[in-house]
Amino acid sequence: MKRRPIISDDSIMNKRIKPVNESHRSKPRTTFEDLPNEMFYEIFDYLDAGHLFKSFSYLNTRLQNILRNSSLLLKVNTSSTSKSDLQQYKRDIILPYKHRITSLTTSNPFTVDIIFFPVRLASQFTRLKAIILDNIKSKYLCNILKHLASLHNLSSLVLIPIDHYRNTNEIYQCIFRLPVLKYCKISLKTDYYTDSLPIATNVTSPIEHLVIQHDFNLEDLNALLSYVPHLRHLKFHSFNGSYSNKKEIFSCSSSNLTHLSINLNSVSFDQFEFMTKTLFHQLDSIHISVDADRTYLDAKRWENLILSFMPRLRVFNFQHIDVIKNITVDIQSIHEPLLKQFESSFWSQRKWFFHYQFYSAAYQKEVIFYSINPFRRKKYTISRQLTECVPPRHQKTNMDAVDHVEIQGEKAIMKCVNYFRNATKLTLSQCFGESNFWLRINLKPILPVKRLTTLVLNCDVFRLDQLIELLRLAPHVHTLTINVSSIKDSNPISFQHNEAFQFVAKTNKITNVTIKETSTLENSQLYIALCPRMQHLAIKSYFGCAAPIIQYILRENKTNIQQLSSIRIETMRRSISKALQTVIESEKKFDNYSMKLIGYNLYLWW
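Going by the UniProt record's numbering, 183 is the number at position 183 of the sequence shown; the sequence numbering is gapless.
Please keep in mind that the hints were generated in silico from the structure rather than gathered at the bench. Do not rely on the hints blindly, as some may be mistaken.
Claimed, not checked - The calculated lysine-lysine pairs, modelled on DSS-like cross-linking and capped at a C-alpha distance of 30 Å, are:
no., residue 1, residue 2
1, Lys-185, Lys-247
2, Lys-340, Lys-300
3, Lys-578, Lys-189
4, Lys-235, Lys-189
5, Lys-139, Lys-516
6, Lys-365, Lys-450
7, Lys-185, Lys-235
8, Lys-444, Lys-425
9, Lys-411, Lys-75
10, Lys-540, Lys-425
11, Lys-540, Lys-596
12, Lys-235, Lys-83
13, Lys-83, Lys-185
14, Lys-185, Lys-277
15, Lys-596, Lys-378
16, Lys-182, Lys-146
17, Lys-235, Lys-425
18, Lys-325, Lys-351
19, Lys-444, Lys-340
20, Lys-411, Lys-351
21, Lys-277, Lys-325
22, Lys-378, Lys-365
What the hints assert, rightly or not - Derived DEER-like restraints, expressed as beta-carbon distance ranges:
no., residue 1, residue 2, range
23, Ser-79, Ser-251, 39 to 45 Å
24, Lys-506, Asp-293, 21 to 27 Å
25, Gln-563, Phe-117, 40 to 46 Å
Predicted, not measured: the structure shown is a model, and the values here were computed from it. Even glycine gets a Cβ: it sits at the ideal position worked out from N, Cα and C.
With the hints as constraints, model all of the structure from the sequences given.
Take a look at the structure:
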């Protein structure tokens, strides 16, 4: 749900603020502290409890009383909190005001160790309505969920474990026992072979909106529906079909299900059709993404299915991607007759229109067929090998839904005729090695560069001066991901003294940095100098380079990168943790740090 903006217009304020007595009316309000309590409640609702107490609790007695002695409800987000700050946060705010906390967000593998220690504390957040447990170790999940089951306000749950969990059914069973849960999003890292979910016997859940971001199998759908009889919205990010010819039996009802979003993997149209005929009669909205299977491009079959078994369907959002390995095939002659079937009166009367794109690469060809009304694609790719086919009677596609734009090479920019006004994430891939011309001239007509918050470089080669210029044009980027084999510059160390580099280093707002290519000490020094306000750093390093990189970071942490509080190192050597522990202790910089090795990722937090 989007927050309402804080509005200062007098007419709006008069509706929200209770009348005050005449003596107060005659006295002009010229300072922030003169605002009425109601306005402070409005402002405080936008802030995390830690920032709230740090910013306002020592201004004056009145604000201190509002924070400490009122019924003001609090939101806790520990995503960017250092270890020492979180320990103080728990002692001074979380523990004494846990009965006032309505939402709780964690996003690193260490914070749960502190917040829910001992684990029975989870049952004492009596006003808690929403909780997000991101990057949590899976071994904690069931124990925490069992204590959360005693909370009678918890209506929203997001679970994203950082590691694999063998018994996914145990997690499901714990979730379904939460007494008032309405919204649940879950993303598990599962083993391919897991036990099937059993049919519900004496446990049902009040969940109405369920998002499953991990692989889910067709064989488990009937059992899942048996636990959630009130389900209205269901979304699968990866729904896997059965290789057996045997038809699944769907004995459980889905009579309340009105919205379905599903990405199909190896689900034949026969299997999907059978599911629809059995389960999806009440659908008002359906969003489908499928790869490779051309039987889904049979428009007549879709028409019959919708008319007979989805009579209430109002929104049909469809995407089909076909990849052809034989580059000599004329894909347009194959696909155009199929796709033209979707231009009949059945589709136009319902205002369901489609575009299709042909993409030719060195080793394969790709056809993307997708809905444009409403246009739901969040990501749009611009490529010079892309040919977009728009039926002549269709209007230009509205790109307002797109928030992520990928540009495949600087020459692709010249072909783009769209403007993505709501784009906040930009990915640059393939070749950007020639000049800065595309930055200054061609990028601005495509998207609002100043509004970008996330930048991803996924190129073989990228010039250092291009990166600096791009960050100068996009001053609000807070997340930078670099997957570049080579940052091209004759001397990256001397380039740090360049005036443009110094300006960007002083003004950028980058707090999260991920380096996906193997890091050396030299390029680590470069990114640290460029992003002095970074709070989180993720790098990939072989055993020999990891120790000197960490040693350098620890020394810089006391001077140039003081906000850095967590590092993730991807390495091929599990023994690296002992070596790095020796480095950390030899530096004598930290006496309060935590280290965890999860898979081949080493996490360091202080």
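Against the structure, test the hints numbered earlier, and report the numbers of the ones violated in rising order.
-> 6, 9, 12, 15, 18, 19, 20, 21, 24, 25
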